[in-house]
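Engineer: Sequence:
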Amino acid sequence: MIYLLIVLGGVGLLIMGLYLMTFGFGIPPNFGLFLLGLCLFVIGMLMVILFADKINLQSLKVEMASIAPEGKPTRRRRRPIPKTVKRPRSTVIEKLKTEIETIEDKGEKETPSKEKVKETPPKKSPEKPKRMSDALKKSKKKAEGSDVVKERLKSLKKEHVKGGESAEDLIGDSIDPFKGIIDNMKSESKAGIIWSFDASDVHDTMRDILTGASESIMIMYPWIRNLDVSILKKFMDTKSRIIIQEASLDDEASVELVKLLLDNNVDIRTMPYIHTVAAVADNKTGLIISTDPIYDSFEVGVIYNDKKSVKEIEKLFEKAWSLSEEISLGG
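Mapping of the sequence shown onto my numbering: position 201 corresponds to residue 201, and the numbering continues sequentially without gaps.
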């Protein structure tokens with residue numbers, strides 16, 4: 001019992017020491033209380049460590065049992081006697097068995113009739129033999145359809161479409177960004193369509209239009225390094241303005257080309273992204289190409305020779321020119 005009291009006193013000193021040590025962390029700190037708390041904490045820790053093992057818990061239990069008041073003797077409870085369940089008579093059980101057997105027999109008699117109904121499948125009507133003439137007709141129709149498509153593509157490539165409405169229907173969604181321009185070109189428009197799956201015809205037509213200019217050229221083109229040398233020379237010989245993509249200045253070859261053109265009085269500006277080519281030569285001929293020319297894909301271009309359509313393309317270019325930024329090349 002004495003050791004237990006000593007241990008409890010040690011725990012109290014531990015708590016008191018921790019409380020006094022907190023004053024040492026206040027503002028301003030009280031070092032006296034901190035040292036006093038530290039001493040009490042160490043003394044309490046030693047008391048707990050030295051006397052905790054000497055406590056005899058069994059003796060405490062005996063003392064507590066002797067101190068406890070004597071109560072009335074407890075009576076033992078009797079176990080409940082299970083009641084006997086009356087079993088049904090044998091006659092009742094036999095009657096139930098016979099009823100169950102009769103129900104099962106009825107179910108067995110009814111099931112085979114259902115199974116027989118399910119097993120009899122409906123008679124299939126005899127299929128008519130396919131004639132060879134039908135297959136030949138289908139193959140002929142497919143061949144005729146492919147020939148019509150080929151002839152249609154060839155005729156589109158050779159002939160020019162008359163009127164802005166027919167041009168808009170054929171181009172469709174390929175030049176969605178310029179639908180507003182095409183709507184303004186419906187009247188008095190003489191348009192020509194150029195298209196190609198490998199972009200050769202489109203680029204050749206653009207080169208012919210730009211190199212044929214004698215006074216001025218304005219063009220939006222993403223990658224300057226992909227332009228033909230004859231077009232670059234024509235930029236130097238005419239009053240030209242060019243808008244290129246910012247990413248076009250990532251390689252040294254493009255930077256050298258830009259420096260050369262700037263030295264020859266060619267105005268060049270940049271935009272973050274350019275996904276459509278637009279050009280005007282001598283304020284007479286306009287050109288719009290639907291897709292980025294660096295990719296090998298189906299490309300469509302539209303050529304305009306009437307003044308109204310060319311002015312609309314010039315408005316488009318002037319708007320882009322106002323949004324573009326000047327080039328600043330270091331060195």
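Just so you know, not all the hints are guaranteed correct.
As the list claims (entries may be wrong) - Simulated crosslink set (DSS-like; lysine-lysine; CA at most 30 Å straight-line):
(1) K239 x K308
(2) K307 x K239
(3) K311 x K234
(4) K239 x K259
(5) K319 x K308
(6) K234 x K284
(7) K239 x K284
In case anyone wonders, no lab produced these hints; they're calculated from the structure.
Engineer: Starting from the hint list further up, note which numbers the structure goes against and sort them upward.
Structural biologist: none
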